[in-house]
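2 protein chains.
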Amino acid sequence: MSSPPHKLQKLAPYILHYWGGIPGRGEYVRLAFEYAGVSYTDSNDSAKLLKTLRSTSPSHFAPPMLELPNGKILSQTPAILNYLAPKLGLAGEKGNLLKNAVEDDDEREEAEFERSIVNQLVLTALDLCVEAHDSHHPIASSLYYEDQKQEALRRAEDFLKLRIPKYLAHFEETLRKNKVSHSHLVGKTTTTADLVLFHVVDGLLYAFPRRMGALDKGGKYKRVLKLHEKIMAEGGIKEYVESGRRRKFGVGLFRHYPELDGEDEDTIEPEKE
Amino acid sequence: MSSPPHKLQKLAPYILHYWGGIPGRGEYVRLAFEYAGVSYTDSNDSAKLLKTLRSTSPSHFAPPMLELPNGKILSQTPAILNYLAPKLGLAGEKGNLLKNAVEDDDEREEAEFERSIVNQLVLTALDLCVEAHDSHHPIASSLYYEDQKQEALRRAEDFLKLRIPKYLAHFEETLRKNKVSHSHLVGKTTTTADLVLFHVVDGLLYAFPRRMGALDKGGKYKRVLKLHEKIMAEGGIKEYVESGRRRKFGVGLFRHYPELDGEDEDTIEPEKE
Chain A
123 MSSPPHKLQK LAPYILHYWG GIPGRGEYVR LAFEYAGVSY TDSNDSAKLL KTLRSTSPSH
183 FAPPMLELPN GKILSQTPAI LNYLAPKLGL AGEKGNLLKN AVEDDDEREE AEFERSIVNQ
243 LVLTALDLCV EAHDSHHPIA SSLYYEDQKQ EALRRAEDFL KLRIPKYLAH FEETLRKNKV
303 SHSHLVGKTT TTADLVLFHV VDGLLYAFPR RMGALDKGGK YKRVLKLHEK IMAEGGIKEY
363 VESGRRRKFG VGLFRHYPEL DGEDEDTIEP EKE
Chain B
123 MSSPPHKLQK LAPYILHYWG GIPGRGEYVR LAFEYAGVSY TDSNDSAKLL KTLRSTSPSH
183 FAPPMLELPN GKILSQTPAI LNYLAPKLGL AGEKGNLLKN AVEDDDEREE AEFERSIVNQ
243 LVLTALDLCV EAHDSHHPIA SSLYYEDQKQ EALRRAEDFL KLRIPKYLAH FEETLRKNKV
303 SHSHLVGKTT TTADLVLFHV VDGLLYAFPR RMGALDKGGK YKRVLKLHEK IMAEGGIKEY
363 VESGRRRKFG VGLFRHYPEL DGEDEDTIEP EKE
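For the protein sequence lines, the chains are A and B, in the order given. Quick note: the first sequence uses the working numbering, first residue 123, plus one each step. Quick note: the second sequence uses the working numbering, first residue 123, plus one each step.
Here chain A stands alone, though its shape is the one from the complex (with noise of 0.2 Å):
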């Protein structure tokens, strides 16, 4: 069973395979799709997926795969945004040079930089959104959360109060610091640490609403939070919010439990600094 073709949709030359449902990976490689306006076709056959993983060489660990138009498939998001960016335009300036043969060493080497450091913040990105999976799966992805409830209680403790902040706080000063843009991560065009980071941020609204609001009474992460606010009225994400298409968050990687949000004691203080 697939998803219905949309609007972009003409031909298929890229196949999604990933759980139905739910956002999950899959959408960081869905957003750098339609922000490029390239078209793709969202596969939530569980059952091909599950063949797909293992009948290929080398073998896949999990979804999300990225059936290329060639037919072959590649995982791990950060590989296939990776592979993805300069071909979608998604690489910086520089990077996107990449898409077509750089003949000057010097132009491909800065090219190939500017594309692993759009590929450092993607990285950064992600690291907080496992981050946030694991605030309420510390013990087993294998088990139930209210198996590891007590677990998850303490460990997402932690997580409020000292990582989403030190997450926040890089992304800040990185947007801070670009001398061309303080609304993008690299340089002065969209790429697909901005996408990640968004959905990323916006996973971070859904889940812990209490404590991103005390985060951003300060305005200490007000460039973080400006990033989230232009992305999702961006073209190619807007039109995607409207359609509906995008999957709504829920039992996923962001889950919102409010006993983790320490909406039940105050044990979390706003921050003051």
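Quick caveat, the hints were computed from the structure, so don't treat them as lab data. Accuracy of the hints is not assured; some may be wrong.
Heads up, the list lumps identical chains together, so a pair's fine if it works in one copy or across two of them.
Dumping the calculated EDC-like pairs for lysine to aspartate or glutamate here, alpha-carbon to alpha-carbon at most 20 Å [stated by the list, open to error]:
1. K194 - E231
2. K209 - E294
3. K173 - E295
4. K339 - E253
5. K339 - E268
6. K173 - D269
7. K310 - E229
8. K194 - D228
9. K352 - D324
10. K209 - E225
11. K339 - D383
12. K344 - E295
13. K339 - D249
14. K271 - E381
15. K348 - E189
16. K194 - D226
17. K170 - E295
18. K194 - E295
19. K173 - E364
Go by the hints and put chain B onto chain A.
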């Protein structure tokens, strides 16, 4: 305080900034240089490291950071390895072509894909490394092991029982399916994926000797364990290990706590199947 230059070194084109004392994530970058025989300086100057983390644009979230010959800095282990791979001849036979400009579109696409597959496998092996770390620190990196030991016992049980076998099976399958070589993850040349898997397996053997011994008995993961032995004896790595420069495991990512390895109680059954 920098570590003394080692025998491979003539100039110092690359500088690896990392914490002193532990192999850590810096080791994955060291192994790439050591295997390739390319000189690098291993800088453990904490003060300089912290300053560099924040003074550059973009900011870097954490070490390792690689300072390039041109002075630019890149962080995030998988981003560093993907950047270096074609330059060091560790991106697969086709992937390595990307060291230079590849004019033919089809050839460049094949090269980009192979480099991406290497990246994919690196990322999965590093995910296993993160889970190994979280088995002793399931609640917070900011707390001591002793302060999260109860939770660690629970997480390690799942990690040993389900996660290690799942990852090892994935890599075993990848080696088995490689038509041109059962001792390389991609093609028939050593890539960053082989080197990362080597170190992760080395870390697991150090941290969980009892469990890894039990898993070894059925021969289910023989190709993975053979790859580990092969890399240990390979040119570049052999000299590195014998030189004594390779840092020992201790209280870093991979830790040997007998109680987490199930030595106290025999709850974890050996593999049957």
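Status of the hints after comparison with the structure:
no.: 1; hint: K194 - E231; in the structure: between (27 Å within a copy, 11 Å between copies)
no.: 2; hint: K209 - E294; in the structure: neither (27 Å within a copy, 32 Å between copies)
no.: 3; hint: K173 - E295; in the structure: between (44 Å within a copy, 14 Å between copies)
no.: 4; hint: K339 - E253; in the structure: neither (23 Å within a copy, 34 Å between copies)
no.: 5; hint: K339 - E268; in the structure: neither (32 Å within a copy, 35 Å between copies)
no.: 6; hint: K173 - D269; in the structure: neither (30 Å within a copy, 42 Å between copies)
no.: 7; hint: K310 - E229; in the structure: within (18 Å within a copy, 31 Å between copies)
no.: 8; hint: K194 - D228; in the structure: between (31 Å within a copy, 13 Å between copies)
no.: 9; hint: K352 - D324; in the structure: within (12 Å within a copy, 45 Å between copies)
no.: 10; hint: K209 - E225; in the structure: both (17 Å within a copy, 16 Å between copies)
no.: 11; hint: K339 - D383; in the structure: within (16 Å within a copy, 45 Å between copies)
no.: 12; hint: K344 - E295; in the structure: within (11 Å within a copy, 47 Å between copies)
no.: 13; hint: K339 - D249; in the structure: neither (25 Å within a copy, 35 Å between copies)
no.: 14; hint: K271 - E381; in the structure: within (10 Å within a copy, 23 Å between copies)
no.: 15; hint: K348 - E189; in the structure: neither (34 Å within a copy, 31 Å between copies)
no.: 16; hint: K194 - D226; in the structure: between (30 Å within a copy, 19 Å between copies)
no.: 17; hint: K170 - E295; in the structure: between (43 Å within a copy, 19 Å between copies)
no.: 18; hint: K194 - E295; in the structure: between (38 Å within a copy, 18 Å between copies)
no.: 19; hint: K173 - E364; in the structure: neither (33 Å within a copy, 44 Å between copies)
Comparing the model with each numbered hint stated earlier shows that hints 2, 4, 5, 6, 13, 15, 19 do not hold.
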